[in-house]
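Asker: The lines below spell out each chain.
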Amino acid sequence: MIKSKIRKYHAPVWDEPLVMQMGKAGRRGAIAPVTEGAIASAVGPAIDLIPASMRRLNVLDLPELSEFEVQRHYLHLSQQTLGMMGISLFGTCTMKYNPRVNERIVYQPFVSEVHPHQDPSTMQGILEVVNRFDHLLRKLSGLDKFVFQAGGGADAAYTQACITRAYHASRGELAQRNEIITTAQAHPCNPATAAAAGFKIITLALEDDGYPSVESLRSVVSERTAALMVNNPDDIGIYNPKIKEWVDIVHEAGGLCFYDHANFNGVMTRIRAADIGFDACMYMLHKTFGGPKGGGGPAVGAYGCNEKLIPFLPGPIVETNKDGSFYLRDSNPNGVARIREFLGNIPTVIRAYSWTRSMGIEGLRDAANISVLANNYMEKRLLEIPGVTKGMPDVKGRRLEMTRYSLGELTDQTGVSCIDIQNRMTDFGVDAYWLSHEPWFIPEPFTPEAGELWSVEDIDYWIDVLETVCTEARTNPEIVKTAPHNQVVHKQNSTNLSDPQKWATTWRAYKRKYAVTD
Amino acid sequence: MSKDGNALPTPHPFMANTAPGSFQEMLRVAKVNDIEELFEQIPQDHKFTGEWNFDSAIPSEASLYKHLTGILRKNRSGEENLNFLGAGCWQHYVPAICDEMVTRTEFLTPVWGTPSSDHGRNQVWFEFQSQIGELVGMEFVGLPLYSFGTAGGHAIRMAARITGRNKVIVPRSLDPERLAVFKTYCGFKELSGYIEIVYVNLDPKTGRIDLMDMKSKLSSDVAAVYFDNPNYLGVIESEAKELVALAKTVGAEVIVGVDPISLGVLTPPSEYGADIIVGTTQPLGVHMNAGGGAGGFIATRDDEKYAREFPTLQVSLTGTSVPGEMAFGLTLFEQSSYGSREHGKDWTGNSVYLWTVANATYMSLLGPTGFKEIGNTILQRSHYAAKQLADISGIKITWGSGYFKEFVVNFDGTKKSVATINKALLEKNIFGGKDLSLDFPELGQSALYCVTEIHTLEDIQNLVSAIKEVIK
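Heads up: the sequence lines are chains A and L, in that order.
Residue numbering for the first sequence follows my numbering, starting at 1 and increasing by one per position.
Residue numbering for the second sequence follows my numbering, starting at 519 and increasing by one per position.
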């Protein structure tokens, strides 16, 4: 039953042209500093300083706009981005408030204008924050050391795959140990990064309990096992209670165990990766720890491990001197040299430290409690909407911080798909929901995650919009199928996107393929 | 726990439901008596019951700001010091509008929307891809990668898949930081997908790749030749055309790494035959951020041979149900790791997409004239600085011409190490060039100096007089 008054909404429509279509010849948006006369007369014309074979001869076909025109254009584009200005319950991504104070902090020169090769004595503030945050994560995980070089969760999974390589190589067992085990519900980045690192992938299928059985794990573990890479809980909200046994089985066979803690929000302050026996884990600072997502990074996959794997961590690693100051240690010769250049996305490490200090351990406990409670609150209301069913309904027990639902019944009855519903919900100013990672076990899936940010009223409103749209699917399916109607643009035509003759990832490709003249 | 079910004593500003009433309301509707019931899936012996000894909460923004800035002000930065460090991360001026755009909450905080509700952001992505494509002269460009090094690593793996070969030639002058990333990406010989790295020598007289040595290293099992232009040691590979021609004799793919800020004045690699162009995005409107400004790109011709090997996501311009209306959608999604898990092309995930907002804004601000102008200013300033340093007794510029913004300064004649000199410069609020003596011992006591548009005549004079004093 709808609880709220559904408000009027329409996205801003500027019909904004591409920047490449704007401007006028000769306009300027930025002027480079003028070379002083003394410099110019000492070195002569710039063109003469370039080897003849390497001088650009043609003129760049870039737009020519005034400074204000550039500003206005990108402001229009920002307004044409819903961008969490509505309600975003985007599951698996743990949408949080990104405290504005952190932008004020990290955009000051003592962060933004620091060069990574500066002498460590001039970077003590940054190194101290890294060190302090490393220690906070050690407490939350029970592990022994965290590094922040990985540029996201997938990059942290890749870190694990590379550390797995270095670890087994150091023991002379790599040629033999070339298999990594994961589950069908693990995030795609786990099998994908392990395969890119050269491993063979074994994916365990889910069984009736919502996770693969101990027997299925036993049947694939062997002297070839290099590592296990899993999430728990998964993004259906199901926790594998046998996970300790899993870790023991893999350890006994000589493999490493990596905990992809993408879904940490609901279990933080309750479980620690090390207590369960994992050798390593990953936290997403841009999700669980209040860093902004930026529409896809810069992000940080904080990678933590136990003493056994510390020798293989990628450098540079922040260490403490006897006097309490900090220095940078490079990786060991048989460790992973680098996953990426430099120390990682330092501003987001600072933001995450800041967020965690604001919350304190009590705040983290509250956030976990509220996340799981809100998800269970949502379940009560969502399952009252005809056509909405719970994913893996036979798995009993309360789900954790998110649940995957299915609109399959509604689709069967009305022909309206989960993507149509997603499009139509944006007509009410509600941000898109997450569907499901590959593979899709659940027909017409959607995965909301309330987290601790959204008020009860926001959550109710989100459900009210979904219910409104589900009702429309029965009374006026065309309005849903042709949605959106109140958005920046209408329903995307995706037929061109996979045709090599028609796709265009740049304006110059588009102009050629569609014979557009400037 | 307070009567409102919270562990925190007062409602927290980041959590609406810590205010009185909401928690109880949700408990009531969800038919939960005790919050612990909701964690029934987790076995008791998995749960942590010890003491946390956690730092106390600082929920007040004012107090938090004071705490954080109190720590971070211990840093010194390129703003109040004179910075000549480059070497993979460069201090350029970041226009104010770039910062304005990347801190717009609509761009900063969200993840993904629909093509319609994220239209503005998707358009920025397309404009990023398009303008990078224009600078490098290529038609197919993906969304950004974590860094220059990871872009290069993926490009090498693309070339190996395209050719079915497993060897890459890289110059000995490669940035050690980037080389370390390449090594990670090239894997281990015990496992599948391993790519052997072969090094081609520099010509010590020019700082460029030794063509004869390149010739001797090329064979029919070489998947790719990789080089940067300008190279890590600052030198422009003016024989790029010859290098490409050599690589083509064995059917190798040519990957060239570029600093796009140079491309207003330098020939883009597409014009001398590069197949895959990679590079950094940090100089285009992103602060150094202690290395956290890193970003990279991959660009190729719009040819399925290359397009179908991209590991990234990319947006394509398309239409909507309304004729004439523009929209943007993902192309070749199914070959990404999101679409195909371990069968995809390497992997992708969160990257540095926010920086495309800064990059697109920056490229739009500069335009064709701005890129030419900034290139000219950098060229003249860097050459002036090198000339002034070369006039100091005991100092030599290792390769006196043919560079862009970085150049190698040799201090052997001063009988002082770079480490000693840099330490003394630091006391004068100058960050001296990157010490090369460990990574390139054959260059002696040398440092890589970076001079950009931010360095004025006065700054260069200050550097010169400081060095004169230091080496006395």
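Certain hints may be false.
[As the list claims (entries may be wrong)] Derived, one-sided and incomplete: chain L residues facing chain A with beta-carbon distance under 10 Å:
| hint | residue |
| --- | --- |
| 1 | I553 |
| 2 | F572 |
| 3 | A575 |
| 4 | L626 |
| 5 | F666 |
| 6 | A763 |
| 7 | G867 |
| 8 | G962 |
[Claimed, not checked] Computed, partial: chain L to chain A, Cβ under 7 Å:
| hint | residue |
| --- | --- |
| 9 | T536 |
| 10 | A605 |
| 11 | N719 |
| 12 | A812 |
| 13 | Y902 |
[As the list claims (entries may be wrong)] Heads up, simulated DMTMM-like pairs for lysine to aspartate or glutamate below, C-alpha to C-alpha not over 25 Å straight-line:
| hint | chain 1 | residue 1 | chain 2 | residue 2 |
| --- | --- | --- | --- | --- |
| 14 | A | K3 | L | E543 |
| 15 | A | K513 | A | D499 |
| 16 | L | K766 | L | E843 |
| 17 | A | K244 | L | E569 |
| 18 | A | K244 | L | D563 |
| 19 | L | K565 | A | D144 |
| 20 | A | K502 | L | E822 |
| 21 | L | K549 | A | D394 |
| 22 | A | K322 | L | D820 |
| 23 | A | K396 | L | D820 |
| 24 | L | K766 | L | D739 |
| 25 | A | K513 | L | E843 |
| 26 | A | K244 | L | E558 |
| 27 | L | K701 | A | E173 |
| 28 | L | K707 | A | D499 |
| 29 | A | K244 | L | E708 |
| 30 | A | K5 | A | D394 |
| 31 | A | K145 | L | D573 |
| 32 | L | K592 | L | D563 |
| 33 | L | K592 | A | D48 |
| 34 | A | K380 | L | D909 |
| 35 | L | K723 | A | D48 |
| 36 | L | K946 | A | D499 |
If you are wondering where the hints come from, they were derived from the structure by calculation, not from laboratory data.
In this text, a Cβ means the ideal position worked out from N, Cα and C, and glycines have one as well.
Asker: Against this structure, judge whether each hint is valid.
Answerer: These are the hints, each one checked on the structure:
Taking 10 Å as the C-beta cut-off, the interface hint given for L/I553 holds, the closest approach to chain A being about 5 Å. A distance limit of 10 Å between C-beta atoms decides the matter here; for L/F572 the minimum to chain A is near 4 Å, and the interface restraint holds. Given hint, L/A575 at the interface with chain A, holds; its Cβ is 2 Å from that chain's nearest Cβ, closer than 10 Å. The closest approach between the C-beta of L/L626 and any C-beta of chain A is roughly 5 Å, which is under the 10 Å cut-off, so the hint is satisfied.
With its C-beta approaching chain A no nearer than about 7 Å, L/F666 sits inside the 10 Å limit, and its interface hint holds. Hint on L/A763 is violated. Least Cβ distance to chain A is approximately 13 Å, over the 10 Å limit. A distance limit of 10 Å between C-beta atoms decides the matter here; for L/G867 the minimum to chain A is near 3 Å, and the interface restraint holds. Interface hint status for L/G962: violated, as the beta-carbon distance to the closest one in chain A is roughly 19 Å, over 10 Å.
The beta carbon of L/T536 is positioned within 7 Å of a beta carbon in chain A (closest approach about 6 Å), and the interface hint is therefore held. Of the supplied interface hints, the one on L/A605 holds, with its beta-carbon coming within about 6 Å of a beta-carbon of chain A, less than 7 Å. Residue-level restraint check for L/N719 is violated (minimum Cβ-Cβ distance to chain A is 20 Å; threshold 7 Å). Given the 7 Å rule on beta carbons, the hint for L/A812 holds: about 6 Å separates it from the nearest Cβ of chain A.
With a cut of 7 Å, the hint placing L/Y902 at the interface with chain A holds, because the nearest CB-to-CB distance is about 4 Å. For the hint pairing A/K3 with L/E543, the CA-to-CA distance comes to about 14 Å; that is within 25 Å, so the pair holds. Using a Cα cut-off of 25 Å, the hinted pair A/K513 and A/D499 holds, with the two alpha carbons roughly 12 Å apart. Taking the CA atoms of L/K766 and L/E843, the gap is near 43 Å; set against the 25 Å cutoff, the hint is violated.
Simply put, A/K244 and L/E569 have alpha-carbon atoms about 22 Å apart, close enough for the 25 Å limit, and the pair holds. As the CA atoms of A/K244 and L/D563 are separated by approximately 10 Å, the hinted pair is consistent with the 25 Å bound. Straight-line distance between C-alpha atoms of L/K565 and A/D144 comes to about 19 Å, which keeps the hinted pair within the 25 Å bound. Annotation: proposed proximity of A/K502 to L/E822 holds, straight-line Cα distance about 12 Å (limit 25 Å).
Of the supplied pair hints, the one linking L/K549 and A/D394 holds, its CA atoms being roughly 20 Å apart against a limit of 25 Å. Distance hint between A/K322 and L/D820 is unfulfilled; the C-alpha atoms sit about 56 Å from each other, more than 25 Å. About 51 Å separates the Cα atoms of A/K396 and L/D820, which puts this hinted pair outside 25 Å; it is violated. For a cut-off of 25 Å, the pair hint linking L/K766 to L/D739 stands: about 12 Å separates their Cα positions.
Between A/K513 and L/E843, the direct Cα distance comes to roughly 17 Å. Compliance with the 25 Å bound is thereby established for this hinted pair. This hinted pair checks out: A/K244 and L/E558 have alpha carbons roughly 16 Å apart, not beyond 25 Å. In summary, the hint linking L/K701 to A/E173 is supported, as the alpha carbons are separated by about 20 Å, within the 25 Å threshold. Proximity of L/K707 to A/D499 is assessed by CA-CA distance (about 37 Å); at most 25 Å being required, the pair is judged violated.
For a cut-off of 25 Å, the pair hint linking A/K244 to L/E708 is broken: about 30 Å separates their Cα positions. The suggested pairing of A/K5 with A/D394 is violated, with an alpha-carbon distance near 35 Å, which exceeds 25 Å. Of the supplied pair hints, the one linking A/K145 and L/D573 holds, its CA atoms being roughly 18 Å apart against a limit of 25 Å. Of the supplied pair hints, the one linking L/K592 and L/D563 is violated, its CA atoms being roughly 43 Å apart against a limit of 25 Å.
The straight-line distance between the Cα atoms of L/K592 and A/D48 is roughly 43 Å, outside the 25 Å bound, and the hint therefore fails. Note on A/K380 and L/D909: the hinted pairing is violated, with a Cα-Cα distance of about 79 Å set against a maximum of 25 Å. Of the pairs offered as hints, the one joining L/K723 and A/D48 holds, with about 20 Å between alpha carbons and a cut-off of 25 Å not exceeded. Only pairs whose Cα atoms come within 25 Å are accepted, and L/K946 paired with A/D499 is rejected, the gap being roughly 60 Å.
Violated hints, in rising order: 6, 8, 11, 16, 22, 23, 28, 29, 30, 32, 33, 34 and 36; the structure is consistent with all others.
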